[in-house]
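Novice: Protein chains in written order, with numbering that gives the first Met the number 0: chain C, 0 to 122; chain P, 0 to 359; chain D, 0 to 265.
Simulated from the structure, these hints should not be mistaken for lab results.
This one's a predicted model, so the numbers in the text were calculated from it and none came from an experiment.
Hints are not guaranteed to be accurate.
Said to hold, decoys possible - Below, computed lysine-lysine pairings styled on DSS-like, alpha-carbon distance capped at 27 Å:
no. : chain 1 : residue 1 : chain 2 : residue 2
1   : P       : K148      : P       : K111
2   : C       : K31       : D       : K190
3   : P       : K111      : D       : K67
4   : P       : K157      : P       : K111
5   : P       : K6        : D       : K180
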Amino acid sequence: MQPAVFERVVVKNSPVYQYMKVSLVLEQAQTKLTAVELKHLITTGLKSLYGEVGAAFPFDLLTFEEDTLTAVLRVYSRGLVRLWSSITLLGFFQQQRCAFRVLQVSPYLLALTGNSRDLALDS
Amino acid sequence: MFKQLEKTPRTVLVCERSHLDHEKARLGTHVEQHFFNHKVSLLVPGCDRLPAELDAALNSMRSFLLVRNLPLSQLLEKEFLDQAVYKGSTYGLSYQTRIDEDNCYALLPNGKLVLSVDKDTYETLGLEGKPSQYQRRPAGRYVVSVDLKDRTMSPGGKGHQRVVKALTEHTPLSCDLLLSQHLPGDESPALQSLLSNHKLSEHRPRVSSHVMTSLPCPTLVTSHLQGEQQSCDPQSFLEWLGAVDAGVTFEDQSDGYLSTYECPQPQTVVDAAVRCSVTGLLLPEDIYHLLDVLRRSVLEPKLAPWLALTVHGFQDSPVSWGTAEHGFLSGGENFYTLVLFQNLDYWICMATGPHDACPP
Amino acid sequence: MSLFMDLNLPFTADKKRLKTLLETAAHLGFSTVAINYFHEGQSKGKKEIPKPTPLAQLVDELPIVQGKSRPIKVLNRLTILVSDASHFRHNAAEYRAYDILAVQPTTEKLFHAACMTFDVDIICITVTERLPFFFKRAPINGARERGVMFEVCYAAAIRDSTMRRYTLTNTLALVERNKGKNIIVSSGTDKPLELRGPYDITNLAQLFGMSEVEAKDGVSSNCRSVLLHAETRKTACGIIYTVKTPNDSQPKDGPPLAKKQKTSAS
Numbered sequence: 000m001q002p003a004v005f006e007r008v009v010v011k012n013s014p015v016y017q018y019m020k021v022s023l024v025l026e027q028a029q030t031k032l033t034a035v036e037l038k039h040l041i042t043t044g045l046k047s048l049y050g051e052v053g054a055a056f057p058f059d060l061l062t063f064e065e066d067t068l069t070a071v072l073r074v075y076s077r078g079l080v081r082l083w084s085s086i087t088l089l090g091f092f093q094q095q096r097c098a099f100r101v102l103q104v105s106p107y108l109l110a111l112t113g114n115s116r117d118l119a120l121d122s
Numbered sequence: 000m001f002k003q004l005e006k007t008p009r010t011v012l013v014c015e016r017s018h019l020d021h022e023k024a025r026l027g028t029h030v031e032q033h034f035f036n037h038k039v040s041l042l043v044p045g046c047d048r049l050p051a052e053l054d055a056a057l058n059s060m061r062s063f064l065l066v067r068n069l070p071l072s073q074l075l076e077k078e079f080l081d082q083a084v085y086k087g088s089t090y091g092l093s094y095q096t097r098i099d100e101d102n103c104y105a106l107l108p109n110g111k112l113v114l115s116v117d118k119d120t121y122e123t124l125g126l127e128g129k130p131s132q133y134q135r136r137p138a139g140r141y142v143v144s145v146d147l148k149d150r151t152m153s154p155g156g157k158g159h160q161r162v163v164k165a166l167t168e169h170t171p172l173s174c175d176l177l178l179s180q181h182l183p184g185d186e187s188p189a190l191q192s193l194l195s196n197h198k199l200s201e202h203r204p205r206v207s208s209h210v211m212t213s214l215p216c217p218t219l220v221t222s223h224l225q226g227e228q229q230s231c232d233p234q235s236f237l238e239w240l241g242a243v244d245a246g247v248t249f250e251d252q253s254d255g256y257l258s259t260y261e262c263p264q265p266q267t268v269v270d271a272a273v274r275c276s277v278t279g280l281l282l283p284e285d286i287y288h289l290l291d292v293l294r295r296s297v298l299e300p301k302l303a304p305w306l307a308l309t310v311h312g313f314q315d316s317p318v319s320w321g322t323a324e325h326g327f328l329s330g331g332e333n334f335y336t337l338v339l340f341q342n343l344d345y346w347i348c349m350a351t352g353p354h355d356a357c358p359p
Numbered sequence: 000m001s002l003f004m005d006l007n008l009p010f011t012a013d014k015k016r017l018k019t020l021l022e023t024a025a026h027l028g029f030s031t032v033a034i035n036y037f038h039e040g041q042s043k044g045k046k047e048i049p050k051p052t053p054l055a056q057l058v059d060e061l062p063i064v065q066g067k068s069r070p071i072k073v074l075n076r077l078t079i080l081v082s083d084a085s086h087f088r089h090n091a092a093e094y095r096a097y098d099i100l101a102v103q104p105t106t107e108k109l110f111h112a113a114c115m116t117f118d119v120d121i122i123c124i125t126v127t128e129r130l131p132f133f134f135k136r137a138p139i140n141g142a143r144e145r146g147v148m149f150e151v152c153y154a155a156a157i158r159d160s161t162m163r164r165y166t167l168t169n170t171l172a173l174v175e176r177n178k179g180k181n182i183i184v185s186s187g188t189d190k191p192l193e194l195r196g197p198y199d200i201t202n203l204a205q206l207f208g209m210s211e212v213e214a215k216d217g218v219s220s221n222c223r224s225v226l227l228h229a230e231t232r233k234t235a236c237g238i239i240y241t242v243k244t245p246n247d248s249q250p251k252d253g254p255p256l257a258k259k260q261k262t263s264a265s
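Turn these sequences into a full structure, and let the hints steer you where they fit.
Specialist: Right, dumping it as structure tokens:
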């Protein structure tokens, strides 16, 4: 058996990524969207608010559910405020009104599946 | 100006590595001191069915009560003190209240009643408290902590009278309360009969489980907590666990346009893995029991070299680690992940949100 | 921090739309909203100040706030577009039907007057066109001392990219002057899809140069201050009435009476 050890490491202030859970609401609820179209839409938003440099900022679309239009995004911590604000200011998808509802934002991807605010108990 | 936009709120991640039988191992304390747990999620790679004992432990987490519109003064009645505060450990947390907006209350197993209230309530309440650590200037929130096990707090005592007066005459506070009790031995909790004149419902924790096939898993080497060439570091591991929980597919069909995320290298692909989660108000005692079972299960040679248990705390709880104050800015995460290796070495990673104390 | 509020939902006679608007606001987590009646001040035509429609006539049932067990609270607010000093009448009886009183001044002189003397709760900052004047330190400080809040609406920035620029420019100028204090951020839209959640607004306001905490105050604590200010403004009127009663001939009775009034109203 290996000699037992005790080691403690504290990591402060350095989350590399931030994760966002968002869902898209469209004026015509029956509109369908693919993951590629969603990513493109968000990139357009970045570009209209921050220009070419903003549009080039990398972010990942980790998951996408087509029936609820819900997605999980990953972005470098440095870009969170910018990605979030451009999503907030997005108002149109192909001439129809739309709105992104940001459901949760966290520096931990794990936290997105353990949101206690979603705990619903029916009695 | 752009520099300021690149800032994100301060967060802390504490990782510890030790052996279950090491004299300095504080795993038990960590579990015990994280009072309000909302979800437990277990990942066991290398099997397509959980060992029966483990399955039973997950399914036997005790049920909890939801009491509607309970006046807080009720918690100070003699009967309640006798049955719930002086005996065993009782956990109470206000339901559907948000710590950055509303008044939030918690009853801790050590007999402390914590009231996290806004300025208006605090000023009319007339109890001594401290301004919230996270809203100091100007203080918009105050935390009042009452030790119900203190001598002056026994029924009829001076302190008791003052608190009862504050909670009945000055500002009658009430809330929907989640309540659960652990009693040593075989005694069954009497909460239900104690509060029978209130509208209450009993809830069983919700269990769900999921089998995944050909899952790429990162390789972990127990001694490499800081991440080395041959092993995955805790941050990437937590991200991978999150990706598994969130249902991220690990093969990308779009040549990296949609996502550049992949399982950390070096990796091994396991044929099957089971992910199981339980949600509700889960007591540390139950999680401790689960840990005992895990300890026996991990020794089974058929399982993978490690298994991972994540315990999520309530985001709106007034306390997170022990009695440390907890708040919510853009998130209120407080959770810990335990990785248990076959040789009974373990890693524990405790993660906090922006308005939270450093884990012990 | 306190409850999240959106103090500017423009009034619309379309009951169905108003219903969805309130439902969306509740779903996004706003606990209190104000329905805003807009009145353009005119000196000649003497257009009547609108009377607020009683809430019971507008909605049958108030929606439950997301994640809470209580319904949304709805207030009434009057906003007067002031392009001449005579448009704002101090203590006009019509104003009393509203919970909150706001003005939108169009010139520098009126902005100064609004900050220093007008008895209002909110001063709206134009975001749909270029600001015709600079913000001076004196009126901004005057407003802060009197507890009057400045309001910025974000919906125009979603609608149109030119307006987005004006919103950013005008708000940045304001934040530069008052350092992100006493600002509230509201929607100012009657379209449900233009409403955003409180945390989204908190993040957005960081583009205006506000810190995250100041930004969060802009949708919570500062709105609460507006409500308290509105309440004291009304109570102050009450005190003036008590002065008129014959009982007040003894000067000693004055202060306790005033005190009583205040506590009973709050």
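Novice: Taking the numbered hints from earlier one at a time, note which ones the structure violates and give those numbers from smallest to largest.
Specialist: none
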